[in-house]
Amino acid sequence: MNDADFSPTRALTLGDPLAIEPVRRTDRILARAHGASLDQQLAAGRLPESTRLLAARAQQIVSLPRRTSLAGNWDHLLRVARQAPSPRVRAVPLRSATILAAEPAIRELMERLATPLPVGARGVAMAGVLLTEPTSPVYSRRGPRSLADRLQDAIIALDPAQPLMHAA
Amino acid sequence: MTTQEAQARILSASREINADAGTIFELIADPAVQPSWDGNDNLGEAAPGQRVHGVGEVFVMTLGSGSVRDNRVVEFTEGALIAWLPGDVGQEPAGHLWRWELEPVNETRTLVTHTYDWTGLPDDAPEPRLVRARSTTTEMLQASLDRLAELAEGS
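Sequences listed follow chains A and B, in order.
Take 3 as the starting number for the first sequence in the numbering used here and just add one per residue.
Take 99 as the starting number for the second sequence in the numbering used here and just add one per residue.
By construction, these hints were calculated from the structure, which means they are not laboratory data.
Source: prediction; values computed, not measured.
Be aware that one or more of the hints could be misleading.
Taking CB as the label site, the calculated pair distances span [as the list claims (entries may be wrong)]: (1) B:Asn138 with A:Thr137: 34 to 40 Å; (2) B:Gln189 with A:Ala103: 19 to 25 Å; (3) A:Ile158 with B:Glu225: 22 to 28 Å.
Partial chain B-side listing against chain A, Cβ under 10 Å, derived [to be verified]: (4) Ser110; (5) Asn138; (6) Val172; (7) Asp221; (8) Pro224; (9) Leu249.
Heads up, the beta-carbon is just placed ideally off N, CA and C, and yes, glycines get one too.
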């Protein structure tokens, strides 16, 4: 199968025969669709080379445009946290005080994300999961670890001096 | 949750649409338009003026049932990516995530991937919410894509 065989209206799920074919485009689509779950695995320390989808996802998230966009997301989050809540929204959308207290660490995270040097997928995944995870300390008090601690872990993992590949 | 259980909780559908990514993205990022392409027939209405511009923003959607949801935007790249976590009014996110990702094929054609991920929905979530999550199918996602395509290709 090649890209030309891809049906544009086909629904893709893991377990789908398409998923076991070595089709780069299908891997890319599945890696995007399962992005949140794959990012969780990468953030937890699973090696990108463990599976084809993890490798595809790692390749997506370490690209400089993707990292720059993620840094921009953190910047936007800081701006929203500084604003008074919209009168339309009755929920407390963000833990603004927690986010603003962590601003220096968030700025450092943004710098590391936007560096033109290569960085490991784990750190990028950690930075992304902090935004997408429902129990993230950005939104919730349910998580077991503080925002400051998790930011620090991501900053360390994004250190360009960290090895990108693990020894066999 | 095992990897297999997690995978069963991530549904996805893709299709190419004969429109540029910017045109399609406008239809997704403006909550007031979302009910017009919703394949779940779940969305009721959203007030105009809530067009999303970035992570951390919240848009409010009234469902067909009359319930109101606050949707926290958690991923955003203008013209390319948007994802949100719904939650009850005044509550933390429930745990399920809706995502749209757009990849230009060329200047007039775009590959659109729509994902429903409920791996974050806890097992002790309210039963009606779990029932709704379990009953969501790739066909519903595909229906949203097809309606979105009709709108985008007609605009």
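Check: So which of the earlier hints does this model not fit?
Finding: 1, 3, 5, 7, 8 and 9
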